[in-house]
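Using the sequences and the accompanying hints, generate a full structural model.
For the record, the sequence lines run as chains H and C.
So the first sequence is residues 0 to 227, counted in numbering that gives the first Met the number 0.
So the second sequence is residues 0 to 272, counted in numbering that gives the first Met the number 0.
Do not take every clue at face value.
[Claimed, not checked] Straight-line C-alpha distance at most 30 Å; calculated DSBU-like pairs for lysine-lysine:
1. Lys190/C / Lys119/C
2. Lys223/H / Lys34/C
3. Lys119/C / Lys251/C
4. Lys148/H / Lys34/C
5. Lys133/C / Lys98/C
6. Lys219/H / Lys119/C
7. Lys133/C / Lys190/C
8. Lys35/C / Lys223/H
9. Lys251/C / Lys156/H
10. Lys148/H / Lys190/C
11. Lys156/H / Lys190/C
12. Lys190/C / Lys92/H
13. Lys148/H / Lys41/C
14. Lys41/C / Lys92/H
15. Lys119/C / Lys35/C
16. Lys251/C / Lys92/H
17. Lys133/C / Lys219/H
18. Lys156/H / Lys187/C
[As the list claims (entries may be wrong)] Computed spacing ranges between beta-carbons, pair by pair:
19. Leu10/C / Phe17/H: 27 to 35 Å
20. Tyr188/C / His39/H: 21 to 29 Å
21. Phe17/H / Ala19/C: 30 to 38 Å
22. His37/C / Leu106/H: 31 to 39 Å
23. Ile29/C / Thr190/H: 37 to 45 Å
24. Ala19/C / Tyr185/H: 41 to 49 Å
Derived by calculation from the structure, the hints in this document are not laboratory data.
Here a beta-carbon is modelled for each residue, glycine too, at the ideal position from N, C-alpha and C.
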Amino acid sequence: MPKPLRLNHICYLMLNFFTANTISEAICLIIAIICLISDHDLTWRIMIPYLLITCVAEFLGIYIGRQNHWVYNLFIIFEAGFTNFIFARLLNKYTNSNFLIAVGISLFVISYFYEILIHGFFKYNNITFTIISVEFVLYSLYYYYLLLKDGDYIVLKYSPAFWWVAGTLFFYFAVTACNLFDDELYSVMVTPKHHLTYFIFKILNIILYSCWSYSFICKKWLTKTSQS
Amino acid sequence: MANKDITELILITTLIFLIAPAFLLVYIFIYNQRKKRHIEEKEQLRSAFQQELLKTQIEVQEQTLTNISREIHDNITQVLSFVKLNLGMIEGADEPIKKMIDESRELVAQTINDLRYLSKSMSFEHIAQLGFVKTLEMETGRINNSGLIKIILNIEGNTYPLGEERELVLFRIFQEALNNTLKHSGAKYLKINLQYSNELFNLTLEDDGTGFSAVSLVEISGSGLRNMENRAALIGAVATIDSSPGKGCSVKVTLNPFKHQLYIDGNHPDSLG
Numbered sequence: 000m001p002k003p004l005r006l007n008h009i010c011y012l013m014l015n016f017f018t019a020n021t022i023s024e025a026i027c028l029i030i031a032i033i034c035l036i037s038d039h040d041l042t043w044r045i046m047i048p049y050l051l052i053t054c055v056a057e058f059l060g061i062y063i064g065r066q067n068h069w070v071y072n073l074f075i076i077f078e079a080g081f082t083n084f085i086f087a088r089l090l091n092k093y094t095n096s097n098f099l100i101a102v103g104i105s106l107f108v109i110s111y112f113y114e115i116l117i118h119g120f121f122k123y124n125n126i127t128f129t130i131i132s133v134e135f136v137l138y139s140l141y142y143y144y145l146l147l148k149d150g151d152y153i154v155l156k157y158s159p160a161f162w163w164v165a166g167t168l169f170f171y172f173a174v175t176a177c178n179l180f181d182d183e184l185y186s187v188m189v190t191p192k193h194h195l196t197y198f199i200f201k202i203l204n205i206i207l208y209s210c211w212s213y214s215f216i217c218k219k220w221l222t223k224t225s226q227s
Numbered sequence: 000m001a002n003k004d005i006t007e008l009i010l011i012t013t014l015i016f017l018i019a020p021a022f023l024l025v026y027i028f029i030y031n032q033r034k035k036r037h038i039e040e041k042e043q044l045r046s047a048f049q050q051e052l053l054k055t056q057i058e059v060q061e062q063t064l065t066n067i068s069r070e071i072h073d074n075i076t077q078v079l080s081f082v083k084l085n086l087g088m089i090e091g092a093d094e095p096i097k098k099m100i101d102e103s104r105e106l107v108a109q110t111i112n113d114l115r116y117l118s119k120s121m122s123f124e125h126i127a128q129l130g131f132v133k134t135l136e137m138e139t140g141r142i143n144n145s146g147l148i149k150i151i152l153n154i155e156g157n158t159y160p161l162g163e164e165r166e167l168v169l170f171r172i173f174q175e176a177l178n179n180t181l182k183h184s185g186a187k188y189l190k191i192n193l194q195y196s197n198e199l200f201n202l203t204l205e206d207d208g209t210g211f212s213a214v215s216l217v218e219i220s221g222s223g224l225r226n227m228e229n230r231a232a233l234i235g236a237v238a239t240i241d242s243s244p245g246k247g248c249s250v251k252v253t254l255n256p257f258k259h260q261l262y263i264d265g266n267h268p269d270s271l272g
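Shown next, in the form of structure tokens:
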């Protein structure tokens with residue numbers, strides 16, 4: 000009976016690709032395509048290629064297996080570039096944030112090349128990721144500060160920018176903690192195979208992509224409302 | 000033991016890091032709601048101020064009109080009556096001069112009459128005393144007699160009082176519309192329709208004049224037309240002005256007579272503006 004076994008094996012391999020991360024990312028990508036494909040604003044349309052790159056990176060990471068750090072080292076460039084771009088657009092609505100964003104990008108570039116020089120391209124750039132996480136948390140808090148300070152009232156329930164920043168803040172705030180206490184958290188085993196950070200990252204990914212998906216839906220609603 | 004404590008501490012710290020954004024979002028939501036209330040209160044104050052300003056403007060205008068009305072009635076018409084009396088007392092004049100004196104007396108009598116009507120249409124007390132419909136009938140009669148324009152007054156339904164303030168405002172809107180028709184439209188006819196139904200009161204004024212385009216409507220809305228809209232809004236009515244070149248002009252004022260509400264922003268919620 001070689002055939003069924005082979006099929007089972009393929010199915011088993013295929014199942015590896017369907018994790019909480021990949022599913023939430025794929026759903027978010029589908030929602031982004033449905034809601035943002037015809038959006039006039041580049042800030043929002045750019046979410047589609049970014050999420051596509053995220054999904055590809057995630058699948059490639061699973062496919063390659065343990066030696067996948069270079070994939071994420073490559074992906075972090077897109078992640079930093081995209082998130083900085085979106086924050087620049089969101090913050091510029093309230094204030095000129097170009098200097099702030101330039102400082103953030105400079106810090107990222109310096110730490111990225113520093114880490115590459117120190118340990119090469121095939122080990123994950125953990126410090127760089129921590130730095131950009133802190134940056135994004137600060138951007139998010141600054142955005143909320145400007146939002147509250149602004150004289151105009153907006154309905155936060157249906158504000159795409161608000162929910163996008165909320166997802167980003169949730170994710171990077173907790174990720175910062177996980178990065179800081181990485182060694183200690185890594186030692187806490189929840190199941191014999193998986194440690195605590197594994198589950199925390201899964202939950203954070205779900206929160207991040209849920210918030211983003213909702214923000215895309217809000218964007219679609221707003222576009223429809225303004226057109227009708 | 001120490002290691003276990005450190006791990007617990009780190010776990011708690013991580014948990015705080017996980018939950019902290021949620022608290023922050025709750026705070027932002029609460030703050031945003033407060034901001035909304037604050038903006039609404041500010042808007043209400045601004046609207047109340049505008050309403051007061053509008054009311055004061057109208058009160059001052061009414062007071063001025065009443066003063067002029069009294070002056071006409073108590074002074075000018077009295078003086079003219081003396082002139083008429085004096086003219087009648089002239090004796091021993093030749094036939095052609097006597098004829099001229101008689102004609103002058105007739106003219107003075109007519110002027111006194113016109114001034115009395117004018118005085119009445121200006122006076123708030125007079126409008127309040129006679130009521131909107133009666134005053135309107137008198138005014139249309141006077142205009143028809145002058146031959147400036149032919150006014151057709153049509154009343155539908157059983158008339159009922161709308162309240163002194165509202166009737167005065169409606170009469171002033173009528174006067175404003177009539178003034179515009181006489182000054183700008185070159186119309187021969189003006190049709191006035193009063194519609195009294197159970198839930199709605201409509202005052203419609205339609206002329207057959209030159210009319211004007213929507214663009215001109217926006218351009219000239221700063222004066223008389225805007226005045227009509229503001230006055231209507233003050234009594235909770237909606238004034239709709241419709242016109243196009245060559246098709247005359249129509250002013251329609253719609254009011255719910257049983258809704259005693261003043262609109263603090265000076266704009267009726269159904270108003271197109």
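Results for each hint:
| no. | hint | verdict |
| --- | --- | --- |
| 1 | Lys190/C / Lys119/C | holds (22 Å) |
| 2 | Lys223/H / Lys34/C | holds (27 Å) |
| 3 | Lys119/C / Lys251/C | holds (25 Å) |
| 4 | Lys148/H / Lys34/C | holds (9 Å) |
| 5 | Lys133/C / Lys98/C | violated (38 Å) |
| 6 | Lys219/H / Lys119/C | violated (62 Å) |
| 7 | Lys133/C / Lys190/C | holds (17 Å) |
| 8 | Lys35/C / Lys223/H | holds (24 Å) |
| 9 | Lys251/C / Lys156/H | violated (41 Å) |
| 10 | Lys148/H / Lys190/C | violated (55 Å) |
| 11 | Lys156/H / Lys190/C | violated (52 Å) |
| 12 | Lys190/C / Lys92/H | violated (54 Å) |
| 13 | Lys148/H / Lys41/C | holds (16 Å) |
| 14 | Lys41/C / Lys92/H | holds (24 Å) |
| 15 | Lys119/C / Lys35/C | violated (49 Å) |
| 16 | Lys251/C / Lys92/H | violated (43 Å) |
| 17 | Lys133/C / Lys219/H | violated (58 Å) |
| 18 | Lys156/H / Lys187/C | violated (58 Å) |
| 19 | Leu10/C / Phe17/H: 27 to 35 Å | holds (29 Å) |
| 20 | Tyr188/C / His39/H: 21 to 29 Å | violated (52 Å) |
| 21 | Phe17/H / Ala19/C: 30 to 38 Å | holds (31 Å) |
| 22 | His37/C / Leu106/H: 31 to 39 Å | holds (38 Å) |
| 23 | Ile29/C / Thr190/H: 37 to 45 Å | holds (39 Å) |
| 24 | Ala19/C / Tyr185/H: 41 to 49 Å | violated (22 Å) |
Checked against the numbered hints given earlier, the structure breaks hints 5, 6, 9, 10, 11, 12, 15, 16, 17, 18, 20 and 24 and satisfies all the rest.
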